[in-house]
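A.B. asks: One-letter residues, chain by chain:
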Amino acid sequence: MDNQKQEAAAAFKAFMLKTSTKSNLNLYDHLARLLTKVMDERPPNAVDVIEDLSFRVKRELLPDFQSTLRDLSLSTVAQLLAEQQRLLFSRVDERGEQDEELIESPLPNVNEISFFLEQAGVALGGREEMQRIFLALKQLVDSQPLQRCRLWGKVMGTESHYIVAEAEYREGDEEEEQSPEEAPENEERDADVDDEKEGAEEGIALLPQSTYKPPPAAPKEANGTGVNKYVYYVCTEPGLPWVKLPPVTPAQINAARHIRKFFTGRLDALICSYPPFPGHEANYLRAQIARISAGTQVSPQGFYQFREEEEEEEPDAPRNSYEQNPDFEGAPIPKMAESMSNWVHHVQHILKQGRCTWVNLAAKPEEELDEDGEAEEKEEEPDEPDPEVGPPLLTPLSEDKEIRDTPPWSAKMSSTLNPQYAVAVLRSNLWPGAHAYACGKRFENIYAGWGLKCAGGFYMPSLPPAPQSEYPSGPEITEALDPSLEEEQTLKATLELQQAAQEELESLEGDEDEDD
Amino acid sequence: MCVLFLRLFFVKTTRSLSLCSKSAQSLLRLITARGHGARAKNKEPMDSNTLYYSLDLVSGSGHALNGEQRAALQTSLVLLKKNYKFNRVMFWGKILGIKEDYFIAQGKGHDELKDKQFLYSFNCMEWHLLPPADDAMVGEVSRAAKGRFMGDPSHEYTDYPLKREGDEATEAVELIKVTEERRLAVTVHLIDEEVSVVPRGAFNRTHLGLMNNNRCFEGLSHAEAGKLENFLHFAKPKKLKKKLIQEQADLDPSIDFLDPLSDDVPKGQWSLQLENASSVCVLRSLLWMGLTFYHVPMTPQHGYVYFGYGCKNLDLPFML
Chain A
1 MDNQKQEAAA
11 AFKAFMLKTS
21 TKSNLNLYDH
31 LARLLTKVMD
41 ERPPNAVDVI
51 EDLSFRVKRE
61 LLPDFQSTLR
71 DLSLSTVAQL
81 LAEQQRLLFS
91 RVDERGEQDE
101 ELIESPLPNV
111 NEISFFLEQA
121 GVALGGREEM
131 QRIFLALKQL
141 VDSQPLQRCR
151 LWGKVMGTES
161 HYIVAEAEYR
171 EGDEEEEQSP
181 EEAPENEERD
191 ADVDDEKEGA
201 EEGIALLPQS
211 TYKPPPAAPK
221 EANGTGVNKY
231 VYYVCTEPGL
241 PWVKLPPVTP
251 AQINAARHIR
261 KFFTGRLDAL
271 ICSYPPFPGH
281 EANYLRAQIA
291 RISAGTQVSP
301 QGFYQFREEE
311 EEEEPDAPRN
321 SYEQNPDFEG
331 APIPKMAESM
341 SNWVHHVQHI
351 LKQGRCTWVN
361 LAAKPEEELD
371 EDGEAEEKEE
381 EPDEPDPEVG
391 PPLLTPLSED
401 KEIRDTPPWS
411 AKMSSTLNPQ
421 YAVAVLRSNL
431 WPGAHAYACG
441 KRFENIYAGW
451 GLKCAGGFYM
461 PSLPPAPQSE
471 YPSGPEITEA
481 LDPSLEEEQT
491 LKATLELQQA
501 AQEELESLEG
511 DEDEDD
Chain B
1 MCVLFLRLFF
11 VKTTRSLSLC
21 SKSAQSLLRL
31 ITARGHGARA
41 KNKEPMDSNT
51 LYYSLDLVSG
61 SGHALNGEQR
71 AALQTSLVLL
81 KKNYKFNRVM
91 FWGKILGIKE
101 DYFIAQGKGH
111 DELKDKQFLY
121 SFNCMEWHLL
131 PPADDAMVGE
141 VSRAAKGRFM
151 GDPSHEYTDY
161 PLKREGDEAT
171 EAVELIKVTE
181 ERRLAVTVHL
191 IDEEVSVVPR
201 GAFNRTHLGL
211 MNNNRCFEGL
221 SHAEAGKLEN
231 FLHFAKPKKL
241 KKKLIQEQAD
251 LDPSIDFLDP
261 LSDDVPKGQW
271 SLQLENASSV
281 CVLRSLLWMG
291 LTFYHVPMTP
301 QHGYVYFGYG
311 CKNLDLPFML
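Going down the list, the protein sequences come from chains A and B. Quick note, the first sequence lines up with residues 1 to 516 if you use full-length UniProt numbering. Quick note, the second sequence lines up with residues 1 to 320 if you use full-length UniProt numbering.
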């Protein structure tokens, strides 16, 4: 009996010792290893996790097999980025200390800003990310002759983000750049004309020329004024090079008002939309930045004041320059969080025309200031259009319009438990992501969002224009019916008859002549 | 040899097929019972235990909590877990209202997918239970509630039925009234249903159909984290059974029992990026703008949070 049992046990052990054809393991050794592991590790509820442990034991054997393969060393995105970001942490020692003493650096204190942003519940990234943004801004300030620099915010895209810096050049250092976009357009037009001329020479029938003349486009605002008051630099990751955005044209602003597209994160991406957007994503981004700035850049009332000289010159003209008020004391925080009338817009409203200052397009080109050679032929119009007027600068936010029963701003205190040291926070409901905070004399505007306006309901894409009316129908363009064979024959017969009669007449006349 | 191989392959495919056809039943079982002994690592919304660093990883979306709120959450979520006898408590997100913001927490019982409850709070300390959302409620809310959240749970939305010409019976139609609390419950339910995300492999299914937290999950590799098909919807699968047999053959039935994000329509409704110096993989839903998911590749850490207005982005097809 015992013998039998022992034999059975031995047979089973032999079965367990059979090596697998696949993995070259055997069950006996595996169980031994597994139980050793359990004894070593003593996991709680060992019976529940035994499958996992068994799997792990098997996996631990695996690397031996893999070691014969060599790992493909791929330089990952992270490594490439780290190479770029390493430069942010290099100290610039060569710069003389005099420089720093002479020119006050326009670098904003991002550490302070990020502290207040955290109070306000806004973030552009983690703490380390903010530090990198700080260093990237430092890089920008060091490399460009900037008078003023501000962290504008972050615009999110589907593939990457844009970190946006708002800057102003030092006077005199402004780069005089010819707008590179208009030149190629003209060239294209010229090329078209040339083609047509060639066609005419070769004697090919020309297509009818369109007599449609587009309505005159509003000229771009000069650098340093209106929507182009500041220049904007963007980068997708701190450490990557800053790219200057091109100045914005009124046409771009108006097109951006009609479309609703996500940013991709590539500045050269095409905007596929209706109505077509004139330009690339860089232009679209710049247009949205202009719109967001105009709508949501706010400051506590009294922080800025109008320059006084201007009032004497032209009392009627809208005042568009302001300066910091040296006597500003700072408003109490609870008041700032309570009433919208304590906040004012300090960026000019963009008119329907797509500019901040209205320009009379109906006026003769001579009267216009010479603007980038946009002097197109304009026909005189008898009635002068009414100038568009926006709300003046430094208008309180309480004057802002509601969007479909939604107030345009939500105000809050950052802390309810410690209102004494809280920060007043404003959140725009019109431009989700736009925030402003104020604390004592300090305030800042920051944007962190998708760069899209709140649609307030559903977005309705604009429809294509109605088809043009048809050419009025008349006899000269109506197609006649082809005559039938009989009709042709009768016509032929009558013609022959007429001809015969005429010949007879002529011969008679000839006879008469001869008689004379 | 060749014949044998083919036969083996055939057996394998038919097995996986039969498994998938049974997936409906097993799903029911999976919903009713949860794998026992699964210890919470860090999954789904932000677990209260790891909140302090996981919030930093998703802050690239523009929203954060300030120190006061974080501290309050750390205290109140512990008490919440005790008072409601939850297994786990997670911070789910924040819905931004015009006057006030709702902070949302999620409590889970023994069942991961079914036994979950949502709570809301204004100050991160006092929590109120949200009513469970059912289909009728979803219908009511989607008809009546429009626009932004007000920040007042008793605010009432009314649905004014469209008056058609010649339709005289309109007066008899009852106006549907929905309180904001109910709307909040429905919105949170829908977001959790439609766009909650887990990385592939973080959960596995046993032969009994129970869903387990996969203890062997060591995170996606950097290459895998760059592909959308390695992220799954953490909700009852809807499209899995409709896949072609050929596509189903490659699926591992113990892991691939949830819908992958790559099957979502329209394409491009997820934005997948590497952030924080390319160390964190971040997914953002463009359909429910504000939902951010993070996963640190090569570690089991993952989670999602919602910071947004609670409005579905219906303009999405125009915006891509």
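Take the hints with a grain of salt, since some may be wrong.
[Said to hold, decoys possible] Covered by chain A, per the in silico footprint, the following chain B stretches (three or more residues, Cβ under 8 Å):
1) 82–89
2) 215–223
3) 265–277
[Claimed, not checked] Not close to chain A: a few residues of chain B, all C-beta gaps over 10 Å, as computed:
4) Gly60
5) Gly62
6) Asn66
7) Val78
8) His128
9) Ala136
10) Tyr160
11) Lys177
12) Gln246
13) Glu247
14) Thr299
15) Met319
[Unchecked claim] Listed below are the simulated SDA-like cross-link pairs for lysine to any residue, each with C-alpha atoms no more than 20 Å apart in a straight line:
16) B/Lys312 / A/Phe458
17) A/Lys261 / B/Met150
18) B/Lys312 / A/Arg260
19) B/Lys99 / A/Ser339
20) A/Lys412 / B/Asn66
21) B/Lys99 / B/Asn66
22) B/Lys312 / A/Gln305
23) B/Lys99 / A/Pro408
24) A/Lys335 / B/Ala72
25) A/Lys412 / B/Glu100
26) A/Lys412 / B/Lys238
27) A/Lys453 / B/Pro317
28) A/Lys412 / A/Pro332
29) B/Lys99 / A/Lys441
30) B/Lys99 / A/Tyr274
31) B/Lys177 / B/Pro153
32) A/Lys58 / B/Gln269
33) A/Lys453 / B/Asn66
34) B/Lys99 / A/Val359
35) B/Lys227 / A/Thr76
36) B/Lys99 / A/Ala205
37) A/Lys453 / A/Ser339
38) A/Lys441 / A/Gln305
39) A/Lys412 / B/Asp252
40) B/Lys99 / A/Leu430
Hint data in this document are derived by calculation from the structure and do not stem from the laboratory. Beta carbons are placed, not taken as given, at the ideal position from N, Cα and C, and that holds for glycine.
A.B. asks: The structure should be examined with respect to each hint, and the outcome stated for every one.
C.D. replies: Hint by hint, here is what the structure shows:
1. Given as covered by chain A, the segment 82–89 of chain B fails the check, having 0 residues with a CB less than 8 Å from a CB of that chain where 3 are the minimum.
2. Here the segment 215–223 of chain B counts 3 residues with a CB under 8 Å from a CB of chain A, which clears the bar of 3, and the coverage holds.
3. Beta-carbon proximity to chain A at under 8 Å applies to 7 residues in the segment 265–277 of chain B; the threshold of 3 is reached and the given coverage holds.
4. Once the 10 Å rule is applied to beta carbons, B/Gly60 is inconsistent with being away from chain A; the minimum gap is 5 Å.
5. Remark: the non-interface label on B/Gly62 conflicts with the geometry, its nearest Cβ contact in chain A lying 3 Å away (cut-off 10 Å).
6. Residue placement check: B/Asn66 does not keep its beta carbon more than 10 Å from all beta carbons of chain A (closest about 5 Å).
7. Non-interface call for B/Val78 relative to chain A: holds, since the shortest CB-CB distance, roughly 19 Å, exceeds 10 Å.
8. Consistency note on B/His128: stated as away from chain A, and its beta-carbon is indeed over 10 Å from all of that chain's, at 17 Å minimum.
9. The claim that B/Ala136 lies off the interface holds: its Cβ sits roughly 25 Å from the closest Cβ of chain A, which is beyond the 10 Å cut-off.
10. With a cut of 10 Å on Cβ distances, B/Tyr160 stays outside the contact zone with chain A, its closest approach being about 14 Å.
11. Remark: the non-interface label on B/Lys177 is consistent with the geometry, its nearest Cβ contact in chain A lying 17 Å away (cut-off 10 Å).
12. No Cβ of chain A approaches the Cβ of B/Gln246 within 10 Å, the least distance being about 26 Å, so the stated non-interface status holds.
13. Under the 10 Å C-beta cut-off, the non-interface status given to B/Glu247 relative to chain A holds; the minimum distance is some 26 Å.
14. With 10 Å as the threshold on Cβ separation, the claim that B/Thr299 sits away from chain A holds: the shortest Cβ distance comes to roughly 14 Å.
15. In this structure B/Met319 is not separated from chain A by more than 10 Å, as the shortest Cβ-Cβ distance comes to only about 5 Å.
16. The suggested pairing of B/Lys312 with A/Phe458 holds, with an alpha-carbon distance near 11 Å, which does not exceed 20 Å.
17. With a C-alpha separation of about 27 Å, the suggested pair A/Lys261 and B/Met150 falls outside the 20 Å cut-off, and the hint is violated.
18. Proposed proximity of B/Lys312 and A/Arg260 is supported: the alpha carbons are some 15 Å apart, at most 20 Å.
19. Taken as a hint, the B/Lys99 and A/Ser339 pair is honoured in the structure, with Cα atoms around 13 Å apart against an allowance of 20 Å.
20. Distance restraint check for A/Lys412 and B/Asn66: the Cα-Cα separation of roughly 13 Å lies within the 20 Å cut-off, and the hinted pair is therefore satisfied.
21. Distance hint between B/Lys99 and B/Asn66 is fulfilled; the C-alpha atoms sit about 18 Å from each other, no more than 20 Å.
22. With a CA separation close to 42 Å, the supplied pair B/Lys312 and A/Gln305 exceeds the 20 Å bound.
23. Taken as a hint, the B/Lys99 and A/Pro408 pair is honoured in the structure, with Cα atoms around 12 Å apart against an allowance of 20 Å.
24. Between A/Lys335 and B/Ala72 the alpha-carbon distance is near 26 Å, which puts this suggested pair outside the 20 Å criterion.
25. In summary, the hint linking A/Lys412 to B/Glu100 is supported, as the alpha carbons are separated by about 8 Å, within the 20 Å threshold.
26. Annotation: proposed proximity of A/Lys412 to B/Lys238 is violated, straight-line Cα distance about 42 Å (limit 20 Å).
27. Pair hint A/Lys453 plus B/Pro317 holds up; C-alpha atoms about 16 Å apart against a cutoff of 20 Å.
28. Distance check on the hinted pair: A/Lys412 and A/Pro332 sit about 13 Å apart at the alpha-carbon level, within 20 Å; holds.
29. Between B/Lys99 and A/Lys441 the alpha-carbon distance is near 25 Å, which puts this suggested pair outside the 20 Å criterion.
30. At roughly 36 Å between alpha-carbon atoms, B/Lys99 and A/Tyr274 are farther apart than 20 Å, so this suggested pair is violated.
31. In summary, the hint linking B/Lys177 to B/Pro153 is supported, as the alpha carbons are separated by about 13 Å, within the 20 Å threshold.
32. The suggested pairing of A/Lys58 with B/Gln269 is violated, with an alpha-carbon distance near 40 Å, which exceeds 20 Å.
33. For the suggested pair A/Lys453 and B/Asn66, the alpha carbons sit about 26 Å apart, so the restraint of at most 20 Å is broken.
34. About 40 Å separates the Cα atoms of B/Lys99 and A/Val359, which puts this hinted pair outside 20 Å; it is violated.
35. As the CA atoms of B/Lys227 and A/Thr76 are separated by approximately 15 Å, the hinted pair is consistent with the 20 Å bound.
36. Proposed proximity of B/Lys99 and A/Ala205 is contradicted: the alpha carbons are some 69 Å apart, above 20 Å.
37. Proposed proximity of A/Lys453 and A/Ser339 is contradicted: the alpha carbons are some 24 Å apart, above 20 Å.
38. A hinted pair counts as satisfied when its Cα atoms are at most 20 Å apart, and A/Lys441 with A/Gln305 qualifies at roughly 15 Å.
39. With a C-alpha separation of about 50 Å, the suggested pair A/Lys412 and B/Asp252 falls outside the 20 Å cut-off, and the hint is violated.
40. The hinted pair formed by B/Lys99 and A/Leu430 meets the criterion: a straight-line CA distance of about 15 Å does not exceed 20 Å.
Going down the numbered hints, you'll see the structure goes against 1, 4, 5, 6, 15, 17, 22, 24, 26, 29, 30, 32, 33, 34, 36, 37 and 39, while the others check out.
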